[in-house]
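Residues in the sequence shown are numbered consecutively from 476, following the numbering used here.
Since the hints were made in silico from the structure, they are not lab data.
Built from N, CA and C at the ideal position, the CB exists for glycine as well.
Just so you know, not all the hints are guaranteed correct.
[As the list claims (entries may be wrong)] Okay, derived cross-link-like pairs now, DSS-like style, lysine-lysine, Cα gap no bigger than 30 angstroms in a straight line:
| # | residue 1 | residue 2 |
| --- | --- | --- |
| 1 | K481 | K519 |
| 2 | K491 | K533 |
| 3 | K544 | K520 |
| 4 | K483 | K520 |
| 5 | K483 | K519 |
| 6 | K520 | K542 |
| 7 | K497 | K483 |
[As the list claims (entries may be wrong)] Label pairs and their calculated CB-CB ranges:
| # | residue 1 | residue 2 | range |
| --- | --- | --- | --- |
| 8 | Y560 | L495 | 15 to 21 angstroms |
| 9 | Y498 | R543 | 27 to 33 angstroms |
| 10 | A532 | K486 | 17 to 23 angstroms |
| 11 | R556 | K519 | 18 to 24 angstroms |
| 12 | G561 | T485 | 27 to 33 angstroms |
| 13 | N558 | K486 | 29 to 35 angstroms |
| 14 | I550 | E505 | 15 to 21 angstroms |
| 15 | N522 | Y498 | 28 to 34 angstroms |
| 16 | K520 | K497 | 18 to 24 angstroms |
| 17 | F492 | R543 | 30 to 36 angstroms |
| 18 | R559 | K481 | 28 to 34 angstroms |
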Amino acid sequence: MADVSKIKFTKHALEKFDFLKKYSFEISREQVLNAILNPNRLDKKGNQFFAIKIINAKHCLRVVYEKRKGFLVVITFYPVRRNRYGL
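All chains should be built: construct the whole structure from the sequences, respecting the hints.
Okay, here's the thing in structure tokens:
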């Protein structure tokens, strides 16, 4: 399990919180961290990880992150439909 203090966010990822809020899809920092620490599904492509966490009856949160110099760096995150990933 990763240490929460070892998780960083890119500028893009930080901006994503406000961007999604504008579209009435509010995601908290805690939800992003929970997706990384306790994913329902975890995929990997190259050096990127794709953590997916169920957030409600219709949606999951997909978090894209990388391991860099001892840190987990959140690149982006976005809501997806559960049925797309079979969850």
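Pair hint outcome, K497 versus K483 [Cα-Cα no greater than 30 angstroms]: holds, 23 angstroms
Hint consistency between K483 and K520 [alpha-carbon to alpha-carbon, up to 30 angstroms]: holds, 20 angstroms
Range hint compliance [Cβ, A532 to K486, 17 to 23 angstroms]: violated, 32 angstroms
Cβ separation of F492 and R543, checked against the hinted range 30 to 36 angstroms: violated, 21 angstroms
Satisfaction of the hinted span 28 to 34 angstroms by the C-beta atoms belonging to N522 and Y498: holds, 29 angstroms
30 angstroms limit on alpha-carbon distance, applied to hinted pair K520 and K542: holds, 12 angstroms
Y498 versus R543 beta-carbon gap, inside 27 to 33 angstroms or not: holds, 29 angstroms
Pair hint outcome, K483 versus K519 [Cα-Cα no greater than 30 angstroms]: holds, 19 angstroms
K519 and R556 - C-beta distance against the hinted 18 to 24 angstroms: This hint holds: roughly 22 angstroms between Cβ atoms.
Outcome for the supplied range 15 to 21 angstroms, where the beta carbon pair is Y560 and L495: holds, 18 angstroms
Pairwise beta carbon distance, I550 to E505, judged against the given window 15 to 21 angstroms: holds, 18 angstroms
29 to 35 angstroms as the expected CB spacing between K486 and N558, which holds or is violated: holds, 32 angstroms
When held up to the earlier numbered hints, the structure conflicts with 10, 16, 17 and fits the remainder.
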